[in-house]
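Engineer: Each protein sequence line maps, in turn, to chains H and S. The first sequence begins at 105 in our numbering and counts up one residue at a time. The second sequence begins at 8 in our numbering and counts up one residue at a time.
These aren't lab readings, by the way, just hints derived from the structure by calculation. Any given hint could turn out to be false.
Going by beta-carbon spacing under 7 angstroms, a handful of chain H positions derived as facing chain S [what the hints assert, rightly or not]:
#: 1; residue: His151
#: 2; residue: Ser200
#: 3; residue: Asp336
#: 4; residue: Gln353
Below 30 angstroms or equal to it, Euclidean Cα-Cα: the simulated DSBU-like pairs (lysine-lysine) are [what the hints assert, rightly or not]:
#: 5; chain 1: H; residue 1: Lys230; chain 2: H; residue 2: Lys143
#: 6; chain 1: H; residue 1: Lys143; chain 2: S; residue 2: Lys38
#: 7; chain 1: S; residue 1: Lys44; chain 2: H; residue 2: Lys230
#: 8; chain 1: S; residue 1: Lys44; chain 2: H; residue 2: Lys143
Quick reminder that beta carbons are idealized off the backbone N, C-alpha and C, glycines included.
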Amino acid sequence: MRPFTYERATDVSQAVRAAAETTGARFLAGGTNLLDLMKLEIEQPQHLVDVSRLPLAQIEEDGASLRIGAMATNSQVASDRRVRERYPMLTQAIVSGASGQLRNKATTGGNLLQRTRCPYFYDTTKPCNKRRPGEGCAALEGVSRETAILGASASCIAVHPSDMAVAMVALGAEVETLTPTGAARRFPLMELHRLPGDTPHLETHMIPGELITAVVLPPPPPGGQIYRKARDRASYATAHASVAIAGGQVALGGVAHKPWRAATAEAALAAGVSPTEAMTAELEDAAVRDESAFKVPLVARLFAAAVRESSGAAA
Amino acid sequence: MRTTITVNGEARSLDLDPRTTLLDALREHLKLTGAKKGCDHGQCGACTVLVNGVRINSCLSLAVAHDGDEVVSIEGLGTPERLHAMQQAFLTYDAYQCGYCTPGQICSAVGMLGEVQAGAPSHATEDVRGDVVLTGDEIRERMSGNICRCSAYPQIVAAIAAVAGAEG
Numbered sequence: 105m106r107p108f109t110y111e112r113a114t115d116v117s118q119a120v121r122a123a124a125e126t127t128g129a130r131f132l133a134g135g136t137n138l139l140d141l142m143k144l145e146i147e148q149p150q151h152l153v154d155v156s157r158l159p160l161a162q163i164e165e166d167g168a169s170l171r172i173g174a175m176a177t178n179s180q181v182a183s184d185r186r187v188r189e190r191y192p193m194l195t196q197a198i199v200s201g202a203s204g205q206l207r208n209k210a211t212t213g214g215n216l217l218q219r220t221r222c223p224y225f226y227d228t229t230k231p232c233n234k235r236r237p238g239e240g241c242a243a244l245e246g247v248s249r250e251t252a253i254l255g256a257s258a259s260c261i262a263v264h265p266s267d268m269a270v271a272m273v274a275l276g277a278e279v280e281t282l283t284p285t286g287a288a289r290r291f292p293l294m295e296l297h298r299l300p301g302d303t304p305h306l307e308t309h310m311i312p313g314e315l316i317t318a319v320v321l322p323p324p325p326p327g328g329q330i331y332r333k334a335r336d337r338a339s340y341a342t343a344h345a346s347v348a349i350a351g352g353q354v355a356l357g358g359v360a361h362k363p364w365r366a367a368t369a370e371a372a373l374a375a376g377v378s379p380t381e382a383m384t385a386e387l388e389d390a391a392v393r394d395e396s397a398f399k400v401p402l403v404a405r406l407f408a409a410a411v412r413e414s415s416g417a418a419a
Numbered sequence: 008m009r010t011t012i013t014v015n016g017e018a019r020s021l022d023l024d025p026r027t028t029l030l031d032a033l034r035e036h037l038k039l040t041g042a043k044k045g046c047d048h049g050q051c052g053a054c055t056v057l058v059n060g061v062r063i064n065s066c067l068s069l070a071v072a073h074d075g076d077e078v079v080s081i082e083g084l085g086t087p088e089r090l091h092a093m094q095q096a097f098l099t100y101d102a103y104q105c106g107y108c109t110p111g112q113i114c115s116a117v118g119m120l121g122e123v124q125a126g127a128p129s130h131a132t133e134d135v136r137g138d139v140v141l142t143g144d145e146i147r148e149r150m151s152g153n154i155c156r157c158s159a160y161p162q163i164v165a166a167i168a169a170v171a172g173a174e175g
């Protein structure tokens, strides 16, 4: 690990100021992803602003919405009685990811901002446009089983690894942030992450030093909810693909550089076509590689099964 | 950086490089070598300790971020003369072979039962809106962050189930 200096933030405005004023500063929350990457020297912050003890861990009612503080741990959110009753699919998504120990430490904000698990991003002996922009992408010529099939580019075919974010996107969540100038912003979570384009090192639309303070869940849409995930192991593995359904709202995981809101499938489903046809329409523009081609039928089948299950037609 | 952590009930003050993980602080600075460094990336669970009663991977946490926290490692759970129920169950059920992962398994199991008691659902929970019933499937799912390369899993599940009073 490269040397860095450390400070514990005392309040939210001081945290964003400190991050903006210090060269090479990063926020440290749960640290489960950042420290992992710092040990591999993929992340090399010169200064850490520890935001883990900021008073941002509450989960509170906001009218008919539920505001989840950015420092609420994944375990806290998944176990919250209101989340389990109103957004059971969010609990399902969170507990389908990582391990108990990691979920106890990982935060809501950190989960959204975690980096890809693409093996070539992790392998510092191989080129990666995320690690060193312009260097090239080893995944294009490499093992491509876990790569993106939607919205990828010639620069990057990595996927976003979060389960939680996929559920939140399906629920139409919004993100609240504080910018370094102290301005509060609120925007749809769907607009947080970017597609790779030719700048895959830029993963979100946040500005340097901006801090996620909360995620706001609107009232759940009418209809069933479910999160279904296909993976290599029964537990503790990232998704080949996942499907989040909340009423008529659908998002996909494991298929793109960001949690993928499946608007085409939603519209097709609302127009009365079958789930398989609806998802086939969504995946019409899928760009697959030999090893990732299985994801197209997998997503369609996963979706059809999830729709049946969420509407109570089959278990 | 001066950091004070209560470790196994005793306040310990350390002067640490900010890069020191909680695991390295325990092992290298406090000579508490129960928690093990397996993968050092949060994948194997051998470094699991309880922080403020909650199980975490001590390898993925900076010691300086734990100033003021209460840490319990395997050494603080019980002593050879006075074993914790989970330590005794691992002996009774022969829940290890080489023993390298065992301190992490035991700390993880103790933390996990606390989570169950608090009603936390898991991926194995039939209905996340309902109550949790600790079945063998629940134990296996909840312990998936602890790898045992000797594959003593059946005995580990049996030991945990015995402590929890659940079906293995």
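Engineer: Work down the list of hints and note, for each, if the structure agrees.
Structural biologist: Cross-check of the supplied hints:
{"no.": "1", "hint": "His151", "verdict": "10 angstroms, violated"}
{"no.": "2", "hint": "Ser200", "verdict": "5 angstroms, holds"}
{"no.": "3", "hint": "Asp336", "verdict": "13 angstroms, violated"}
{"no.": "4", "hint": "Gln353", "verdict": "19 angstroms, violated"}
{"no.": "5", "hint": "Lys230/H / Lys143/H", "verdict": "17 angstroms, holds"}
{"no.": "6", "hint": "Lys143/H / Lys38/S", "verdict": "22 angstroms, holds"}
{"no.": "7", "hint": "Lys44/S / Lys230/H", "verdict": "27 angstroms, holds"}
{"no.": "8", "hint": "Lys44/S / Lys143/H", "verdict": "14 angstroms, holds"}
The earlier numbered hints that this structure contradicts are 1, 3 and 4.
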